[in-house]
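Let's have the full structure, built from the sequences with the hints guiding it.
Protein chains: 2
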Amino acid sequence: MEKFWFILLSLVLSYASSEASQCSIKGLPLVRNISELPQDNYGRAGLSHITVAGSVSHGMKEVEVWLQTFSPGSRTPIHRHSGEEVFVVLKGSGTLYLASSSHEKYPGKPQEYFIFSNSTFVIPVNDVHQVWNSNENEDLQMLAIISRPPIKVYVTSLPPSFCTSIFAVTMLFRTLLLYSYLWIETFAPPTLLNMLSRFIYNDWSMPHTAAKLKFPYFWDEQCLQEHVKDEL
Amino acid sequence: MEKFWFILLSLVLSYASSEASQCSIKGLPLVRNISELPQDNYGRAGLSHITVAGSVSHGMKEVEVWLQTFSPGSRTPIHRHSGEEVFVVLKGSGTLYLASSSHEKYPGKPQEYFIFSNSTFVIPVNDVHQVWNSNENEDLQMLAIISRPPIKVYVTSLPPSFCTSIFAVTMLFRTLLLYSYLWIETFAPPTLLNMLSRFIYNDWSMPHTAAKLKFPYFWDEQCLQEHVKDEL
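Chains as they are written, first to last, in this note's numbering: chain D, 524 to 755; chain Z, 524 to 755.
No lab work stands behind these hints: they were computed from the structure. Incorrect hints may appear among the rest.
Pairs of lysine to any residue, SDA-like flavour, derived with a Cα cap of 20 Å [said to hold, decoys possible]:
hint : chain 1 : residue 1 : chain 2 : residue 2
1    : Z       : K549      : D       : E608
2    : Z       : K628      : Z       : D650
3    : Z       : K584      : D       : V648
4    : Z       : K584      : D       : D650
5    : D       : K737      : D       : N649
6    : D       : K614      : Z       : S558
7    : Z       : K614      : D       : S558
8    : D       : K614      : Z       : L613
9    : D       : K628      : D       : Q653
10   : D       : K614      : D       : L570
11   : Z       : K614      : Z       : N660
12   : Z       : K632      : Z       : T732
13   : D       : K735      : D       : A622
14   : Z       : K614      : D       : S640
15   : Z       : K584      : D       : E608
16   : Z       : K584      : D       : P647
17   : D       : K632      : D       : P730
Structure (structure tokens):
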């Protein structure tokens with residue numbers, strides 16, 4: 524519960540403040556040189572991540588674009604999310620592991636796909652996946668495009684028992700829910716709606732229900748904390 | 524009105540059929556070589572367009588990714604849309620014309636921005652814009668990422684008078700509207716919701732209200748027609 528209020532406070536403050544250096548586009552030109560954008564590994568060895576257009580830093584509400592480079596052997600976590608994701612491989616090659624088993628208890632043995640320069644693939648919504656740079660000799664560079672649909676993400680992140688009780692209430696409460704739905708979609712910070720749905724797995728046999736919700740995500744964490752610090 | 528029914532029929536048929544060659548990913552591998560994807564100029568001189576991940580052909584619901592190459596001197600139409608758009612320039616250089624005047628009567632004289640290889644820019648929602656390859660010696664190649672938010676697009680596409688009358692109805696009708704809203708968002712084909720919002724201008728002094736709704740869009744037209752043909 525404490526975490527919830529901290530997150531809410533962070534989001535409110537991030538809305539109130541937009542002066543933080545690399546966490547805001549304020550003062551930056553409309554056309555930006557990607558090689559001059561902030562890049563970091565955000566605590567993940569072998570990663571270079573650049574948020575080309577993002578929610579926290581650029582105010583995007585419906586889509587994010589990342590440029591990610593993985594050194595040989597490095598990889599994403601095993602994870603899933605409720606938004607669409609498109610990859611465009613710019614350089615190098617690697618392996619995509621994909622478990623299309625969101626209705627099973629756990630991901631299970633994933634399918635393996637060879638990915639290569641100038642290839643593209645779409646991760647089906649909520650399918651557990653991982654991308655590895657399995658090429659020992661070359662970096663793997665990709666553009667990742669993530670959609671951030673509103674409310675649906677938030678609803679599917681609620682525990683099933685909560686969802687069940689919501690759907691069991693009377694007509695009166697259903698009407699109230701509809702109004703809340705519209706209110707949330709219209710007025711709530713998009714970050715609140717969009718970031719609640721990334722789950723990380725330790726391995727492919729970890730039950731979906733045990734996967735860990737990662738919020739804020741690695742590259743959003745820094746900016747959210749920076750906003751809070753500026754305000755305190 | 525006839526056009527509406529044709530559009531609706533096209534969409535229903537496009538949902539019913541998914542066997543058309545380049546208009547479906549059925550049978551294609553998950554990881555696709557971009558250079559083997561269908562490319563066309565769709566009647567626009569100097570353009571090469573590839574839908575890397577699209578709504579009509581790949582079933583995307585929230586985001587589309589295009590790879591577009593413009594030969595020297597060629598350009599996009601002057602247009603606006605209600606989804607977010609991110610560009611990543613892969614090769615060449617050119618000029619972005621952008622009129623941030625969606626609340627005025629017409630776009631007016633646009634701002635000019637130099638765009639270049641490895642640059643990125645975001646088109647603010649509903650701002651009228653055009654991209655030119657103004658470099659005489661080189662092709663301009665870009666990835667364009669378009670978000671496709673649901674219902675909002677559809678609502679803002681309605682004539683103002685219709686919107687006014689909708690908002691003037693009683694509580695009862697407002698409740699009905701809320702239900703329709705949710706119904707449309709949940710069950711209507713995303714293509715219907717997402718494609719209604721691209722308006723094209725003849726020049727920068729054309730009133731916003733006179734801009735022409737372009738639906739289906741150039742690269743979707745072919746697939747929608749193909750679906751209809753297959754069914755008849």
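Now the hints, each set against the structure:
no.	hint	verdict
1	K549(Z) - E608(D)	holds (19 Å)
2	K628(Z) - D650(Z)	holds (13 Å)
3	K584(Z) - V648(D)	holds (10 Å)
4	K584(Z) - D650(D)	holds (16 Å)
5	K737(D) - N649(D)	holds (14 Å)
6	K614(D) - S558(Z)	holds (14 Å)
7	K614(Z) - S558(D)	holds (14 Å)
8	K614(D) - L613(Z)	holds (12 Å)
9	K628(D) - Q653(D)	holds (18 Å)
10	K614(D) - L570(D)	holds (14 Å)
11	K614(Z) - N660(Z)	holds (12 Å)
12	K632(Z) - T732(Z)	holds (17 Å)
13	K735(D) - A622(D)	holds (17 Å)
14	K614(Z) - S640(D)	holds (16 Å)
15	K584(Z) - E608(D)	holds (11 Å)
16	K584(Z) - P647(D)	holds (11 Å)
17	K632(D) - P730(D)	holds (13 Å)
This entry satisfies every hint, going by the numbered hints stated previously.
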